[in-house]
Amino acid sequence: MSTLMLGKALNEGLRKALEDDPKVLIMGEDVGRLGGVFRVTDGLQKDFGEDRVIDTPLAESGIIGTAVGLAIRGFRPVCEIQFDGFVFPAFDQIVSQVAKMHYRSAGHVKLPITIRIPYGGGIGAVEHHSESPESYFCHTPGLKVVTCSNPIDAHWMIRQAVACDDPIVFFEPKRRYWDKGEVDTVTAPRGLWDAAIARTGSDVTLITYGPSVKTCLETAAAAETEGKNIEIVDLRSLSPIDWETVLTSVRKTQHAIVVAEAPAYSSLSSEIAARISEKCFYELEAPVLRVTGFSTPYPTARIEEDYLPDLDRILDAVDRSLAY
Amino acid sequence: MARASGDGYDAGTQSAQAVQPVQPSEPELVQLLTPEGERVDNPHYSIDLTEDEYRDLYRDLVMVRRIDTEAMALQRQGELGLWASLLGQEGAQVGAGRALTGRDFAFPTYREHGVAYCKGVDPVTLLGLFRGVNQGGWDPYDKGFQLYTIVIGSQTLHATGYAMGIQRDGGDGAVMAFFGDGASSQGDVNEAFVWASVFQAPVVFFCQNNQWAISEPLEKQSRIPLYQRARGFGFPGVRVDGNDVLAVLAVAREALERAREGSGPTLIEAFTYRMGPHTTSDDPTRYRLAADLETWKLKDPVERMKAYLSRNAIATTEFFEQVDREADELAAHIRAGCLALADPDPLTLFDHVYASGSSLLDEEREQLASYLASFEDEKAGAHS
Amino acid sequence: MPSYKDFKLPDLGEGLTEGEILKWLVQPGDTVTLNQPIVEVETAKAAVEIPSPYAGVVTELHHGEGDTVDVGSPIITFDTDPSGEPAPADTGGGQSRVAAAADMVPQIPAEPGLAGGPAPKANTEEKIEVLVGSGPKSGKLTRRPRKAAASDDPAAAQPQPARVSAAAVGAHAAEIAASAPGGEVRVLAKPPVRKLARDLGVDLTVVTGTGPNGTITRADVESAADGSAAATAPPARAAVPAGGEERIPIKGVRKQMAAAMVSSAFSAPHVTIFQTLDVTPTMDLVAKLRGQRDFEGVRVSPLLLVAKALLVAIKRNPLINSTWDDVAQEIVVKHYVNLGIAAATPRGLLVPNIKSADSLSLPELGRALNELTDTAREGKTSPADMQHGTITITNVGVFGVDNGTPIINPGESAILCFGAVRDMPWVHEGELAIRKVTQLTLSFDHRVIDGQLGSQVIADVGALLADPAMFLTWS
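Protein chains in written order, with the numbering used here: chain A, 1 to 324; chain B, 1 to 384; chain C, 1 to 475.
The following block holds chain A by itself, in its conformation from the complex (with noise of 0.2 Å):
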């Protein structure tokens, strides 16, 4: 057990996939010799090898694409997107190619592909830099889709998504890299694709994951001051969503909000209120609102505050929801 931040909790999980296969392999831009941007990669080439870690051309979908080979051949590349923003040029590659290669190939062809892709906002970044694709790739069959919040799922969520035979585009929250956490290298907490209470409640539920995920658990603390006793739903996984636990407690507390920085309109956060209006009809006092970034290209960094959920945007919809 050690305390950790979640960037290096992701690259101890990194060193024990290379460690336990040798087949994976670590491809991406600037990820070998500098040891990737966010130093999530430090160190590895070192002690790994060039052939390992693979400091690639400035080409997304030449990543992507050759990964597609290499995992034809029997490998088990992870490959890093450098930023969010920066996913499209590979979009093909990953959702005509990646996402259906098991499918039409009825089940000859594994593509055991991990894409790591760093997301979210609020660090102040110039364009394109904090972004929140995840909706895109949930709404691609074939794909599985994680995301992790702190630094023990972080570094068991890697292990665990590299051994998994099917192509998963695995979400850091950029901003929770330097977090920290204490690490039990040892034993998982729990399985990839299963979601976690990361507070326990009664009033309201909030479904959430990623960066908001600590957004919510600070809201939760001012909110019991109000005395709202606040329930906190950490999906983990997003595309499978692992519904047991999120309807179990939105039947509990009979009131659900979705909270997540990408904008609501035609979202994952979308989907979730769908599922959970048609599951618990019955239960719900009120409707499922969602607190989400809004329908506008992401704004410069002045103002990404205004635009991010934050504690008082959402214990705002707290309030509402208890209001019917």
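Accuracy of the hints is not assured; some may be wrong.
Interface residues of chain C toward chain B, partial, derived using beta-carbon atoms under 8 Å [unchecked claim]:
| no. | residue |
| --- | --- |
| 1 | P10 |
| 2 | D11 |
| 3 | L12 |
| 4 | G13 |
| 5 | N35 |
| 6 | A46 |
| 7 | V48 |
| 8 | I50 |
| 9 | P51 |
| 10 | P53 |
| 11 | R144 |
| 12 | P145 |
| 13 | R146 |
| 14 | K147 |
Interface residues of chain B toward chain A, partial, derived using beta-carbon atoms under 8 Å [unchecked claim]:
| no. | residue |
| --- | --- |
| 15 | Q135 |
| 16 | L157 |
| 17 | G161 |
| 18 | R168 |
| 19 | D188 |
| 20 | V194 |
In the EDC-like style, the derived pairs of lysine to aspartate or glutamate whose C-alpha atoms are separated by at most 20 Å in a straight line are [unchecked claim]:
| no. | chain 1 | residue 1 | chain 2 | residue 2 |
| --- | --- | --- | --- | --- |
| 21 | A | K279 | B | E364 |
| 22 | A | K110 | B | D169 |
| 23 | C | K140 | B | E376 |
If you're looking for bench data, these hints aren't it; they were derived computationally from the structure. Each residue gets a CB set at the ideal place from its N, CA and C atoms; glycine is no exception.
Given chain A, work out where chains B and C should sit, using these hints.
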């Protein structure tokens, strides 16, 4: 080894030379068998085959052509929704296909039925995709022949990655990536050239320049002969007469050997002509002249081989008739196989989306199953 | 034997719906080989030569050059086994059986498709088929027939119209009920019902739901708001005495009866009036009728005459045989009488009725009554027997009971109750005598029937039973 430029071979590592403009009427290319069926020499390439091997190549050409014409007929008869014809490209595909060994892996586009045949894939299994009963009815690992890729150029990256895998696991095969002149404009193809050259991957890029990307001629894809593009990326390029199965075989063998021994990629431009439409939905009369077709008929790959065999008494009339009978049998096999390809059961919609399964899909599958069972005429797939 | 095969125009290019025949390359009678070009067709995309799908002899071309043909319709027919009997010349469709006048041998009609007959004509009303997955399919225009719903309530007469939703609601609610942690109150109500509850100030946690699987309906909330018996408080968790309790599930006939009673009792304002009668002449008449030949095999009882008396009273006072139609805001007076008889059966209380009792003779009515009672006693009364009643008689006399306050059968406006016939002291022709005395009770719906009419009806019935000669006077 110095090689003269302007004769279809470009080592790709020379310093800047005068770049030849596109001259489709008189291209420089490697040739070992003329359109009239005469053997000629080439300074860089040669081939030495037994009489059996010559006859086998002829047989391959006839079989491949017959597969294609039978499939075209089946489409016109409504048994296939679509067919991408390789008419005129038999020489290029048989030459490349027969250069590949069992250790090598091929990444085709959607027109390489000739390569599939040479790799031992039953032509009936190619039909499923075009009939709409599956998305590729064969196991790629079985014959080292990947499923067809319809997105233009994507497979060149897959081929490059596969080759990088061979480098990393000590395999001794090579990879051949097939694509057309149109695909050479795609970003993915150019990224594949970058990666293959940077990593010296054991991949041969085999471009069938059949002069057309649906209705767009070569001039829309490149200002210079395609084989010279390789130089920009730092590896050799060679243009070969795509209708000359002997030359293609020789060039492809050499490139594959280079790759296997670790010398990196080669770009082969097989200069040929798409005699048929892009697919059966296309009408070439809208964008090209009948006269062009006539010119290329004189360069037919099958005819020149037949001429060579008869003129040199390597084959007799009986042999040609025997081959024709075999082609008829193959055609009957394809026809029967096509008609027997059944529509899939609706519940198979949900199969193989994931290797590790999905509870959401299990739920949806159950819902569809009970919905279908709720109808009086409980036939799977019955639609009004 | 000839084997005829049609070839239908295929979709030649990803979504085409029709093509024009440019040029036929073969004619009927030609022998063709497989893949031999047979026709040139022009589509929206190109002019295309179509190769023959069969080897054989062309027997018919279905369209001419220049015709536009839909994809999926036959364009040519082949005989793929022409070595069989040659087809006779096309008779031009003559199919009627005509015996030639001069020649007594009847013509055998040539049906299309039979061996030796002409080639089958194209069925141009065939729906468009696209032969292989490509191309647009025409949209559905009719529903595929679904299987009949399996009702899980044996008393339900009709299949539930919204089968899936009802089942799903039930299942969903059952799921919730099953998953409720012990002791917690689960409130199952749709949002509009919750809003109603809030607006009316009703606490949903103390309302018992009567919807599927315990869901609270709008009616439940309204009843609760009215403070009527439909809403109940949760059972007091008092200690159960040593004798214990027995719980009987509410379902089946009892459930139906309860629902009917509730619905009737709390929508129609009931008024009940009573009359005590000397029915000695009726009892004498019953004895006489039993001996008559027309009543052989019929069990004659006083009830038969009470029924007949009510029928006559209805004829004189038609409004008693009607129903209050709240939806249409109309009173429907029925000029036929489906006479209901309340019957105790092994399944519980049922009210089967005799259809068009007013059109039956007395012996027929007697037989009908017997049949009704026998069927009920055997537990074989059908739902149809119990539908469309217009008025009811309940005979409490068989239990030794004199009278009661009967509840009107829903959909009717009155119910007649007939008590026990007793030997009682009576003033008969000015002197005390022991006479056969009984009580009649009539409950009626005061929305439809006022006190005067109700009294008139019971008086008429009484008059008939007191003096059966009145049957003649009022017939």
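Next on the checklist: Name the hints, by number, that the structure is in violation of.
Outcome noted: Violated: none.
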